Structure formats: structure tokens, C-alpha cells
Amino acid sequence: MASASEHRLRKRLLKWGHFIGLFLAMCVICIPGLWVVLNSFRPTVEIMAKPPVWIPNELNLDHYRAMFGGAGEGGIPVWTYFRNSLIISVTSTLIALLIGMAGGYAFARYKFKGKAMTFVMLMATRAVPGVALSLPVFIIFGRTGLIDTHLGMILVYVALNVPFTIWLIDGFFRQVPKELAEAAEIDGCTRWQAFWKVEFPVARAGIASAGIFAFLTSWNEYALASQLTRSVSSKTMPVGLLDFTSQFTLNWGGMCALAVLMIVPALILTFLVQKHLIAGLTFGGVKG
Amino acid sequence: MAQVHLKNLVKSYGALSVVHGINLDIAEGEFVVLVGPSGCGKSTTLRMVAGLEDISGGEIVIGDRVVNDLPPRERNLAMVFQNYALYPHMTVRENLGFSLKIAKKSQGEIDAAVNEAAEILALTPLLDRKPGALSGGQRQRVAMGRAIVRHPDVFLFDEPLSNLDAKLRTQMRVEIKKLHQKVGSTVIYVTHDQIEAMTLADRIVIMRDGHIVQVGTPLEVFENPVNTFVATFIGSPPMNLLPGVAKDGQIVLADGTAIPLPPGYKLAEGRRIQLGIRADNIMPEGHALPPTAHMAHVDMKVTLSEPLGTETVVYAQLSGTEVQAKMLNPRPVQTGEVLRFAIALDKCHLFDADTGLSLKA
Ligand SMILES: Nc1ncnc2c1ncn2[C@@H]1O[C@H](COP(=O)(O)OP(=O)(O)O)[C@@H](O)[C@H]1O
Ligand SMILES: [Mg+2]
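Residue numbers (the numbering used here), protein chains in the order written: chain A, 1 to 288; chain B, 1 to 361.
Hints listed in this document are in silico derivations from the structure and should not be mistaken for laboratory results. Each hint should be verified, as a subset may be incorrect.
Stated by the list, open to error - In silico BS3-like pairs for lysine-lysine, Cα to Cα no more than 30 Å straight-line:
#1 B/Lys177 <-> B/Lys167
#2 B/Lys101 <-> B/Lys182
#3 A/Lys111 <-> B/Lys7
#4 B/Lys177 <-> A/Lys178
#5 B/Lys104 <-> A/Lys178
#6 A/Lys178 <-> B/Lys130
#7 B/Lys105 <-> A/Lys178
#8 A/Lys178 <-> B/Lys101
#9 A/Lys178 <-> B/Lys167
#10 B/Lys177 <-> B/Lys105
#11 B/Lys247 <-> B/Lys360
#12 B/Lys7 <-> A/Lys178
#13 B/Lys182 <-> B/Lys104
#14 B/Lys167 <-> B/Lys266
Said to hold, decoys possible - If you only want the chain A side, here are some residues facing chain B, beta carbon under 8 Å, derived:
#15 Glu58
#16 Asp62
#17 Ala66
#18 Ile186
#19 Cys189
#20 Thr190
Remember, predicted model here, so these are calculated numbers, not experimental data. Glycine residues also receive a C-beta, built at the ideal position from the N, C-alpha and C atoms.
Isolated chain B, as found in the complex (with noise of 0.2 Å):
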């Protein structure tokens, strides 16, 4: 276990600079989540606390060791790779015992650690078999096993679950969470997954193009987003963002529609904003959670509706603006039906229409 400090962070390649001075400090211990779209650098970050590639500028500290010119063999790390990369010509016993091996550790040494990760990871069974003759989700647990019998300071995860079918995702997604559980080590784990990202990460790295958006706990992250794109990438279905402008303490939207300003929030006369709401927080009447101090009502024609059991997901239409809403204790719903809405304006978010920053106080 060790903590894990990067400090201003660069990557470029040639004139290219893919990471633009990231700073970040994980605790020992902690499951981070750097999540963020595909080609924002997350790979690349991650690669570079690995060994795999260089350093452009700033320092990499795992424990108490600056680590930016060690080999990744020094650094005493283990890595789960996207397509798992196991070796084909060994068996998974071998597979599972081969940094060990490297380490010059005795027969009877490898064997145990080799037997108590095929425990952990029920493996046992398929010790004598070649990784092409496993499936994919014994696959990626084969590339877990390698990474835990080790018991490096550090874990890091490159999208290790995006090989797999949905329902195998979250089964191994909850594997982890126990792993991590047990082990306690240290893990970076990069997703572009933001489902992945909440279920497990204890803090979450929001990533674009380079840079660190936002840090936070799932929660935290989740109920107060710095902008619209930290609000729109976290959450499903993503935060409606409405444009409109504050008048009279009122927010008009493009179509005149007047909602009350959310409480907590300041705005000078005539500011531009964009209103986010979530679909969680504007639900047709009747088929709402129970009102709160802030309530707004507006009317909407649904434009199309996703039953989705418990829930049905309903698109309709608002200043201009498709709308994403939810309906509890659902009730089939028509096309071109207008149903009256609640929206919790407790819950509501502001941004600024231009920079798209939150406008949080």
C-alpha cells in the first residue's frame, strides 16, 4: 500500500500535449477513478504512473519515492490491461506466478501465492489450462489474479471491463469492490464508463482533454457538478440543460416559460444562464415523489416514453428542448399526451450560459 501524488503532470508527444499538468493525490488505500471520454488522456496518465511512458514534466511520488525515472519494474505496481495481455504460451498457473519467478521467489513460495490468488479469484480449476482456452470473463479474472499475487503498492486498471458483455460487467464490477475490500490496496482504475466510475470509485477524477474537471466523491460529485459537462457526463439518463435568462426573479426560458429561481442562487437581471435539471427531479404529477418547500409546475407533450418497470423514462418537449423525465408507479403513456410536471427546484442546477460553470455560491 502507498499513496500516490501526481504533481503537474505533462504529456506530450512531440508537439502534441495530450496532459496538460495534472495534480492529484490519492490516499493509501483509496480507489480512484479517473473517468472521463474516450482520448481525454486518462491511458496516458495512467501509463505514465505505470513506467510504460515517459514523463513530459512534472513528478510522479508512489510512497515516498519521486518514481519519474524508474523502470515500471521498480515501482512496484501491478497493471490490468483492457485486452488482459496474458502471456498465451503459459498456463494460467504460470500466467498467475510469473513476476514472482522474476523476483527469484522458491518453488514452494510461488506455489501458495499462486494457490491463494486461484482461491480468491476461482481459478483454481483452470490452473493447468492456456489463456486460449478460457473465456472472457475467466480471462479478465486470470489478469486480476496476476495483478494480486503480487501484493504490489499499487493497483492500476485500464477499462479492464470493457471486453465484456453487459451483464458479465457487472458482475466482475462487484468483484473488484470485494477484491479491493480485501486487499486495501491503492487502485487507479480508468473507465469512460460513468456507471463504473460511481459504483466504484471512493473519489472520482473527472478528465477532458487533458485536464482534471473535477475531483470528488461519487455523491459529491454527482450533486454538485462545477459545469455542464461534469453535470451531463455524470448521471443516467444525463442532466437536462434548458437556456434561458433571469428576470424578476424568475428564469424565462427561450418559449417565455417562467420557472422560479432554485433557492441559494443570486442572479444580476438579465444574466444568461442554462437551468439543469435532472430527470430524478421533474416527474408528471401524480407519478412524482412527495412535493417539497421548492416546487414548479410546467406542461409538456411527450414526445416518446421508455417503460422501464419500476420506472418509465419519458421524452417530451420544453422550450424547444427535449426533456428527459421520470415517471414513478408507472402508467402507460401516449405520444402527443401533455402531462402537467413537477419540477423539485431544491435540486436544480444553474450554469452560466457561456463558460457553462456552475453558479453555485
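Here chain A stands alone, though its shape is the one from the complex (with noise of 0.2 Å):
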């Protein structure tokens, strides 16, 4: 009996402990980011302060008012950023999203000459960061007058997505076993009408999150961003933030505003696309 009371006792403890682990992970993953929404509601000596202040005395939209305000009171043009980083990203994505479908439909489930080549190599492409290409590609895109333009950046984040996306979708769609479209062949469907009322809907959760990932990559993307872009014309909301910085200040507080309205559409898209993860949907149709 005692043995069994200790035992229960050891396992309710192993399950705090790992409580306590998880909760201390989260902290280490959020405390940042709930630091930087803090910061965007507090005034500037405070976010300053030091020691710091944890428990915030004063909440005010000050920062977000300065930043649309006019461009004398440390405003910027918000909503100009914001309206490229949705275009670039939401270009990009799709058609990053149209490259990996039929990328990655065609790696699993045809065969052909150098198939297993051509997939290292694409994906080789991922190992080479993007940061390095800066430069060749500001002489190419100088050339071709693609620096501050929307469609240089499109251009730039389908390159980088495009592998990731195909080799995602390539693995969603193995999952799909091939007997699906055959039967959907054999009840009166062309090839194209299999692939869009069967595979392609049984393999939406998968490509609902290559598409998230390759968003969330263009939105977020800096280091290229800020070399290609120049302008208010093609200036994403990531390169936005510099604006804050001036010669002798750092304007904390603005910045963190404007990353919030960062985070909040990425935060929304995430959610709205979740539901369409739920995982197992191939899995009954068939058993194999």
C-alpha cells in the first residue's frame, strides 16, 4: 500500500515539474513579446527606467498617436508600410503557394529524369542565407530598376519561399494516397477535376500551413527588405521600424507600437487558418 501512495505521490510531482518546465518555457518564448506590447502603452521614461519598472504605473496610447501623427511629432507613414507589407507578402505567398502546389504535386506523384537532383538541389537553395545574395541581387534588381519596387520584393520572397513550399506540399500530398484521384478518375472526373475536388482538399491543411509559414517569412523579413527597398513607395513594416532610430535616440517606445501592429495581423491570419490544420483529415478514407 505504501508503495502505491509513493508511487502516486512521484507522479503527481513529475506532472508539476512538468508544469513548472513548460510554464518557465513560455515565459522565456512570451516575456518578450508581452514586454514589447507593454512598452508601446508606457511612457518613455518608464520603459527607460533602471531599475526596470515592472508593474506599469500609467497606460496611454501616446506612442500610437505620435506614429500616425503628423511627420514633426514622430509620425511615419504607418499605413503606407503596412499597405506594402500586406502586397508584397500577400502576393508573394500566393503565388509561392501555386509554384509549391504544383511543385510539390509534381514531386510526388510523377517520375522523371534527375527527379531526385533536382529536389536536393532546390532544396540546397534553403542553405545559402538569403542575406548573402544581398548584394548580387541589389546589382541585379539596380539593373533592371526593380530596387523600391513591390514586384522586386515579390519577386525576392517567392525565390526564397518557393523551396519550402514545394517541399511541405510534396510531402502532404505522399500522404494522399494515389488511389483517390483513380477513383475520382473512374467516377466521370478529367485529371484536373480529381486534382481540385479530391487531392487537393484532402491535402488543404497542408498547404494552409505552407501558406502561413511562407507569409509569416515575407512579413517578417528584414535584412533583404532593408537593402532593397528605399522609399515610403515599397518600404515594408520591419525595414518601418528604423525610422524610429535617429542620430542620438532610440525611440523605444514608437517602435513598439508599430511592432504590435506587426504582430497583431500575423496573430490574426494564424488564427483564422488554424482550423483548417486540423491534422488526420487524409487519414480513413483509406487503410492501407
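With the hints as a guide, bring the two chains together.
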């Protein structure tokens, strides 16, 4: 009996240890984010205070007001940056998804010469850090007039995301048994209909997750954007953050406010698409 | 309903040839079973009929159309896959009605057809579930329902029962047979299980290594196997084969045991043969069927016995070969016991020792 209760105690301790460990890990992940959100509502004095003020004395919207205010009072063209970010991220994500679906499907379903090699090369491009290419890209874009344009940034992000979307979507199409499309073809579908009516919906969860990843990559990318954008006509929000630095000061509060504006749409999108991410959709229709 | 004709059908993957010129004529409403060991080309043949594989050579005729170059959707057939291939994102109702929806039938027509099929297959209570929430047997029935709603010319089945447990398999086998009797369509059914083949088929097509070995009704292939492959493949337990030599109107086995030549065979002196005896035709005396005009007797030592209730399968040693025999009205048998067995010679088969071909005139 004693050993049984001892065993139960140990199990409970283990469970609590588990909780505490998870809590600490979540703190490490979340606190910087929360700190950013908090700082965006606090006066600069409090942000800069030493030792840090943990419990805020005063919360206000000053930084947001200033950010959206005129150029003289610390305002920046938030809406333009937001629009640039949105146009560039959404378009590049859609293109990367389309290419990713075509490529992923081809890799998953068809045999062709040099398939393995092509795939490896595609993945190898991921090993090259994007910034390392910024100078060549800068020169090419300079010659072709793509510097500081939406099109230029879209091209860069499509190139950045395509290997990843292909890889991810290939994996998801592999999980869709090919008999599903065959059954659809026998049921009267063309090859094209079989894809859109059966294989695509079944792999939808995977395609949605590839979409989120691609979107977040473009939305948050800073290094390349900072090189290839110049003016308000194409600067994205991460690059816009630098508007808060001046020669001698850093406007931390303003930066935090803009950062919050960046985080919110990404969070909303993730939650929206999340319901499509229910796994296990492909299982059950077939038994192997 | 339609006839199906395969003429010199060939399939090769690059240099690898897997189906070598198959000829088969299937009558309207016939239930034909392709049976053979795994890898012999049954699925490939079926998939060529379905239009899922390109044809490397020959011709497929369904009804009166050569369908070689038609895509699957224009062949008006239905197929049940081994893994069922139900659409996981659709309910059972949508799965059943999918082909009609693609054919742009009215919602009223679709509902009527789906309800009818669901009725036949007892799927009505499951119509609003997704395939993921069904048991194996239910998925199997949905797959069949999806096939019958379309009233296709030809049904194709590729090992539809091999994912079910033994009991369910027997049950579904009966349902498939009843279904065929009800709808009367032409059926091509692939299996590696000879019992399924025997019980379902109007005609069995036995395949091996991409060739057809024998075509016939279940009884024909059982009673007149063309070679040792068919003889051992069809029937359970498999036919016993004993090597021997023809001498003085007798067959002399390897250890010198002499057995009279079965009636109807004429052999040249010294010809090397294999004697084929089914377990049903070699039985211990006193536990055998009534003797016929041509009987032979041998003594054998029992090595193992498998009681099955109404009969016992007795394993015994004859001329260095393990032989399976059936014991009717069984009594307990000891290993090592020597029993006298009666062989019904008129039911025995002789095959050439080298080619394995039947020597029946
Ligand atoms: N796509 C393919 N490429 C190469 N060989 C194949 C392919 N599909 C099947 N085969 C070969 O064809 C032969 C027949 O296969 P299959 O028709 O599936 O056999 P069965 O259904 O009778 O078990 C097998 O030896 C298999 O390895
Ligand atoms: Mg097969």
C-alpha cells in the first residue's frame, strides 16, 4: 500500500515538474513579446527606467498617437508601410503556394529524370542565407530597375519561399493515396477535376500551413528588405521600424507600437487558418 | 452491362514486361475472377481495363468500343480498391453521390440513387458520417455503394476483401455474390485467395507471371487442372504431388511403392511423372468415402494431425514426401501411428515430371 501511495505522489510531483518546466519555457518565449506590447503603452521614462518598472504606473496611447501623427511629431507613414507589407506578403505567398502546389504535386506523383537531384538542389538553396545574396540581387535589381518596387520584393520572397513550400506540400501530397485521384477519375472526373475536387481538399491542411509559413517569412523579413527598399513606395513594416532611430536617440516606445501593429495581423491570420490545420483529414478514407 | 474482350494485352514498364499477351473474352453479366499469386500481374491487367495504366500492346474492347485510348471516365466502369479509396473529406452520402454530381445529374436523381444504394447495402444510418468514423466493413460497403450508384457497364474489384478479418470477409463475399445476382453487371474481380475465386466466380482465370495458365468454371479448374501449378493453387489443402515412374502399367514411387495407373491414362514405359492426389481422395480405411471401382491402398506413418471437427487432416509420410489426407468421422490419431489409406485412383491426376503439364488425354 505504502509503495502505491508513494508511486502516486511521485507521479503527481512529476506532473507538477512538467507544468513548471513548461511554464518557464513559455515565459522565455512569451515575455519579450509581452514586454513589447506593454512598452508600446508606457511613457518613455518608464521604459528607460533603471531598475526596470515591472508593474506599469500609467498606460496610454501616446506612442500610437505620435506614430500616426504628423511627420514633425514623430509620425511615420504607417498605413503605407502596412499596405506595402500586405501587398508584398500576400502576393508572394499566393505565387509561392501556386508554384509549391504544382512542384510538390509533381514531386509526389510523377517520375521524371533527375527528380532526386532536382529536389536536393532545390533544398540546397535553403542552405544559402538570403542576406549573402543581397549584393548580387542588389546589383541585378539595380540594372533592371527593380530596386524599391513591390515587384522586386515579391520576386525575392517567392524565390525565398518556393523551395520550402514545394518541400512541405510534396510531403502532404505523398500522404494522399494516389487511389483517391484514380477513384475520382473512374467516377467521371478529368485529371484536373480529380485534383481540385479530391486531392486538393484532402491536402488542404498542409497547403494552408505552407501558406502561413510563407506569409510569415515575407511579413517578418528584414535583412533583404532593408537593402532592396528605399522609400515609402516599397518599404515594409520591419524596415519601417528603423524610422524610429535617429542620430542620437532611439524611440523605443514608437518602435514597440509599430511592432505590435506588425504582430497583430500575423496572429489573426494564424488563428484564422488554424482551423484548416486539423490534422488527420487524410486518414480514414483509405486503409493500407 | 457489357462484354469485355482482352486481345493480346501486353504491359511493360520499360524493359520489364509484366503482362505477356493476355486473351480473354468476358460475356455480358459474367462474374470473372482473376486469381494468382502476388505479383503475377492481376492488378496491372485490371488497371489497364480501368484505364489507369497505359496499354503497351493489344486491345481492350468494352461493349463494342475499343477503349485503348479512352480515359477512365469515358469507359463507364466502377472500381472498388483494396484500400477502398473513399474520399475522406466527404460524408458517406457525398461519397456515394460523387460520380452522379460530376455527371451533373439533378439533386433529386442523386438523392434517389444514393438512397437506393444505401438501402441495398444497409448504409442508411451512416449517410452523414465521414469515412474516418466507419469500421472496416462499413467502409467496404461504402466503396461498393459508390460503385453501384452509377449502374456501370462493368464492375472492377481489386482485392476488395483483403483488409477485412476472416469472419467479415466471408460475410462480404456472400454480399458481393448477392449483389451481383441483383444488379447482374459484368464483374472482373481480382484476388490472390483461391477460396474467394472458387466461391464467387462464374469463371476463374488463373494467372502466373503475367500469363493466363487456365480459364474455366470453378469445378473445371478444380477437376481438370492443366498443370501442377493450378493443381496445387486451387483447392485446400493443396493437391499432394508424388514423383514416380511408369512401369508395367503401374506407377512406381521413389521408395518403390507401386500404385496402379489411374484409369484413362496411357504412359510410355519409364516415363517420369508426378502423381497428384487431393486430400479428399486419400483417406484412412474405415474413415473414408465408400470405395469406387478403382482403389489402391498404401500404409503411411502419421506425422501430424489437425482435427477440424467434422474431419481431421492427417499429415503422413509417403515415399519421402509429406502427404495430406482427410479422415472422415475422425477418431483421435497418434503421431507415429501407421494407418492404411485408400486412394481413389479415378480421381488422381498425372503430370509430366519436367513440364508439369497434365497428361490427361
Ligand atoms: N509502376 C511499376 N513499375 C514497375 N513495375 C511494376 C509497376 N507496377 C507493378 N509492377 C510490377 O508488375 C508486376 C505485377 O504487379 P501487379 O499487377 O500489381 O501484381 P498482382 O496484383 O498480381 O499482385 C509485379 O512484379 C510488380 O513488381
Ligand atoms: Mg494486386
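Structure-based check of each hint:
{"no.": "1", "hint": "B/Lys177 <-> B/Lys167", "in the structure": "16 Å, holds"}
{"no.": "2", "hint": "B/Lys101 <-> B/Lys182", "in the structure": "24 Å, holds"}
{"no.": "3", "hint": "A/Lys111 <-> B/Lys7", "in the structure": "29 Å, holds"}
{"no.": "4", "hint": "B/Lys177 <-> A/Lys178", "in the structure": "28 Å, holds"}
{"no.": "5", "hint": "B/Lys104 <-> A/Lys178", "in the structure": "24 Å, holds"}
{"no.": "6", "hint": "A/Lys178 <-> B/Lys130", "in the structure": "19 Å, holds"}
{"no.": "7", "hint": "B/Lys105 <-> A/Lys178", "in the structure": "26 Å, holds"}
{"no.": "8", "hint": "A/Lys178 <-> B/Lys101", "in the structure": "21 Å, holds"}
{"no.": "9", "hint": "A/Lys178 <-> B/Lys167", "in the structure": "29 Å, holds"}
{"no.": "10", "hint": "B/Lys177 <-> B/Lys105", "in the structure": "29 Å, holds"}
{"no.": "11", "hint": "B/Lys247 <-> B/Lys360", "in the structure": "18 Å, holds"}
{"no.": "12", "hint": "B/Lys7 <-> A/Lys178", "in the structure": "28 Å, holds"}
{"no.": "13", "hint": "B/Lys182 <-> B/Lys104", "in the structure": "26 Å, holds"}
{"no.": "14", "hint": "B/Lys167 <-> B/Lys266", "in the structure": "45 Å, violated"}
{"no.": "15", "hint": "Glu58", "in the structure": "52 Å, violated"}
{"no.": "16", "hint": "Asp62", "in the structure": "50 Å, violated"}
{"no.": "17", "hint": "Ala66", "in the structure": "50 Å, violated"}
{"no.": "18", "hint": "Ile186", "in the structure": "5 Å, holds"}
{"no.": "19", "hint": "Cys189", "in the structure": "6 Å, holds"}
{"no.": "20", "hint": "Thr190", "in the structure": "7 Å, holds"}
Hints 14, 15, 16 and 17 from the list above are not met by this structure, while the remaining hints are.
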